[in-house]
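Please build the complete structure, drawing on both the sequences and the hints.
Here's the letter readout for the chains.
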Amino acid sequence: MKKRSKSIIILLNIILGIIWLMPIYWALVTSIKTQKELYGGVSLFPHVATSENYVSLFQYKDGIFFFYLKNSFQICIFTILVVTIVSVLAGFAFSKLKILGSKLWTAMILFTIMVPAQALMVPLYNTLSDLNLLGTVWGMVLIYATFQTPFCVLMMKSSFDMVPDALREAALMDGASSFAIFRSIYCPLALPGAITVIVYAAYNTWNDYTIGLTFGGSSMKTFNVGLVDMLSAETSVNWGTLTSGAIVGMVPILVLFLLLQKHFVKGMMSGAVK
Amino acid sequence: MTRLKHCHAQGGGLPTKSRRAMRKNFTNMFFVLPLLAINITFFAIPFVKSLYMSLYNWPLLGEKAFIGIKNFIQAFQDKKFLHSLLFTMEYALLVTPMLFLVAFAMAILVNQKFKGVGIFRTIYFMPVVISMTASADIWLWIYNELYGVLNHLLLSIGIVDTPIAWMHLPKTSLPAVCAMVTWKMSGFSMLMLLGAFQSVDDEIYQSASIDGANKIQQFFRITLPLIRPTIALSMVISIIGSVLAFEQFKIMTAGGPSSKTQTAVYYIYETSFRHFKFGYGAAMSMILLVILAVLSYFQFAVMKDATD
Numbered sequence: 001m002k003k004r005s006k007s008i009i010i011l012l013n014i015i016l017g018i019i020w021l022m023p024i025y026w027a028l029v030t031s032i033k034t035q036k037e038l039y040g041g042v043s044l045f046p047h048v049a050t051s052e053n054y055v056s057l058f059q060y061k062d063g064i065f066f067f068y069l070k071n072s073f074q075i076c077i078f079t080i081l082v083v084t085i086v087s088v089l090a091g092f093a094f095s096k097l098k099i100l101g102s103k104l105w106t107a108m109i110l111f112t113i114m115v116p117a118q119a120l121m122v123p124l125y126n127t128l129s130d131l132n133l134l135g136t137v138w139g140m141v142l143i144y145a146t147f148q149t150p151f152c153v154l155m156m157k158s159s160f161d162m163v164p165d166a167l168r169e170a171a172l173m174d175g176a177s178s179f180a181i182f183r184s185i186y187c188p189l190a191l192p193g194a195i196t197v198i199v200y201a202a203y204n205t206w207n208d209y210t211i212g213l214t215f216g217g218s219s220m221k222t223f224n225v226g227l228v229d230m231l232s233a234e235t236s237v238n239w240g241t242l243t244s245g246a247i248v249g250m251v252p253i254l255v256l257f258l259l260l261q262k263h264f265v266k267g268m269m270s271g272a273v274k
Numbered sequence: 001m002t003r004l005k006h007c008h009a010q011g012g013g014l015p016t017k018s019r020r021a022m023r024k025n026f027t028n029m030f031f032v033l034p035l036l037a038i039n040i041t042f043f044a045i046p047f048v049k050s051l052y053m054s055l056y057n058w059p060l061l062g063e064k065a066f067i068g069i070k071n072f073i074q075a076f077q078d079k080k081f082l083h084s085l086l087f088t089m090e091y092a093l094l095v096t097p098m099l100f101l102v103a104f105a106m107a108i109l110v111n112q113k114f115k116g117v118g119i120f121r122t123i124y125f126m127p128v129v130i131s132m133t134a135s136a137d138i139w140l141w142i143y144n145e146l147y148g149v150l151n152h153l154l155l156s157i158g159i160v161d162t163p164i165a166w167m168h169l170p171k172t173s174l175p176a177v178c179a180m181v182t183w184k185m186s187g188f189s190m191l192m193l194l195g196a197f198q199s200v201d202d203e204i205y206q207s208a209s210i211d212g213a214n215k216i217q218q219f220f221r222i223t224l225p226l227i228r229p230t231i232a233l234s235m236v237i238s239i240i241g242s243v244l245a246f247e248q249f250k251i252m253t254a255g256g257p258s259s260k261t262q263t264a265v266y267y268i269y270e271t272s273f274r275h276f277k278f279g280y281g282a283a284m285s286m287i288l289l290v291i292l293a294v295l296s297y298f299q300f301a302v303m304k305d306a307t308d
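In the order they appear, the protein sequences are chains A and B.
Start counting the first sequence at 1; every next residue gets the next number (our numbering).
Start counting the second sequence at 1; every next residue gets the next number (our numbering).
None of these hints come from the bench; they were simulated from the model.
Possibly wrong hints are sitting among the right ones.
Calculated cross-link-like contacts (lysine-lysine; reagent style PhoX-like; alpha-carbon spacing at most 25 angstroms) [said to hold, decoys possible]:
1) Lys221(A) with Lys70(A)
2) Lys2(A) with Lys113(B)
3) Lys260(B) with Lys80(B)
4) Lys215(B) with Lys2(A)
5) Lys70(B) with Lys262(A)
6) Lys113(B) with Lys266(A)
7) Lys70(B) with Lys49(B)
8) Lys3(A) with Lys115(B)
9) Lys96(A) with Lys115(B)
10) Lys215(B) with Lys3(A)
So, in structure tokens, the structure goes:
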């Protein structure tokens, strides 16, 4: 009886697992099918694998997807840098240093976490336009950072909280400065927390569509926004090219996920539950 | 030793010491300065500004005029806005149970001990990782009227006689989007529920089975009551997420047919950035924030439950 129920569970897992992988698999095979096969009926495996869809994706509008990818990578890398630096510094301060008005700042962080970017699009557009940052890398990076750092600061604070104070006192005794202690004692110990922060920032920035659409304009159009543009022009683009766009968009983040699964899950789960 | 004393002096009697402590406090501020600068510029000020803008007739160019609460009055008389709120609610009420049921079944399926269970957890979580844009792209292809694999399947089994234009009919587009979101987000709730399942102490089950309770009784009498707070939390999170829905409809239905599938955030986006009525957009955003505040209150209430 017990063995049978176990086999049923495994069987159900296999069925559901196949269903769950199917859309991604379907996009992948579609993207390597020839146009003739694509529109000539449904086949689970391509008769001939071709890279023509990927070639046409990157030839679309004189290679505009190179530009979109460059924008997305650029924004992503700068956002990760800003978010990590800001939240490591502030997380350390809130955990280990005396900060003027720290209660007020903590309340502000918690409040920021509760307000989603979607509810502040209008004034943010105004602020970015006043600062001449609309459609610029830094405009986008700062908006992403604004809505990502609150959670990341709390994340870093709790990882610094786990480092015993005795270490800091011993270093103070030896005459080390705040910065030296921070760099040589805390940073290495808080590394796992920092990796979670990096992964969280990468995930949220790379996968974003709304902020890119609203603030990127055409000069800082991200990959996702460009992909949707192409999707809206669906009739003129074939589905091999459209699915190859989805594949190109998901590969970087899936690779990151498979490499750093634990950090990924930790960041996402505590990021949503807060 | 003397250095240590100085460092620990906090506002002591001697003026030199307190000045030193002040200076130290001042250097400490440098650690939080970047955070404060970003937060004040791009959160606190815009937040206050949105209150202020909501009281104005605020076009992209030209005169801004103070109009008091007229934007709010207009919002509650605006049929399109009210419809978008209703539609958002409809979406939330449809997708939340769908997503929850699938996630719950998944959590049970992977809360087992067999070789390779981790692979299934990873597979179920994978769609969560990819972007809404990529998911919507893939599902639009699946739902494609003429060449989509879904219509092909339904036609060959004989469930339908003619291909369905999934995205162009109000009756089918909402469930179709919900199915996509269920596929994409179930893995997330699954992990929350799995965590709850595994936090139930094994000893409770052992003593229950000694008392003669079978697996099904144990599930309904022990597991369910114990994980109820997590169930509530996962549902509230899903409702909050649905209230903010925008991308899935913008990409998959473009709000159509005839704005029937326009969510609240979508309508605010269109008003603000297509018609450039910033004042009105800000006012509707404030209304949305109030709705979210109520939901967040529920989230905190159930979270307190979940962590107790």
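To see whether the hints hold, each was checked on the structure:
no.	hint	in the structure
1	Lys221(A) with Lys70(A)	holds (10 angstroms)
2	Lys2(A) with Lys113(B)	holds (12 angstroms)
3	Lys260(B) with Lys80(B)	holds (9 angstroms)
4	Lys215(B) with Lys2(A)	holds (11 angstroms)
5	Lys70(B) with Lys262(A)	violated (50 angstroms)
6	Lys113(B) with Lys266(A)	holds (22 angstroms)
7	Lys70(B) with Lys49(B)	holds (17 angstroms)
8	Lys3(A) with Lys115(B)	holds (14 angstroms)
9	Lys96(A) with Lys115(B)	violated (44 angstroms)
10	Lys215(B) with Lys3(A)	holds (15 angstroms)
Hint compliance for this structure: hints 5 and 9 are not met, and every other hint is.
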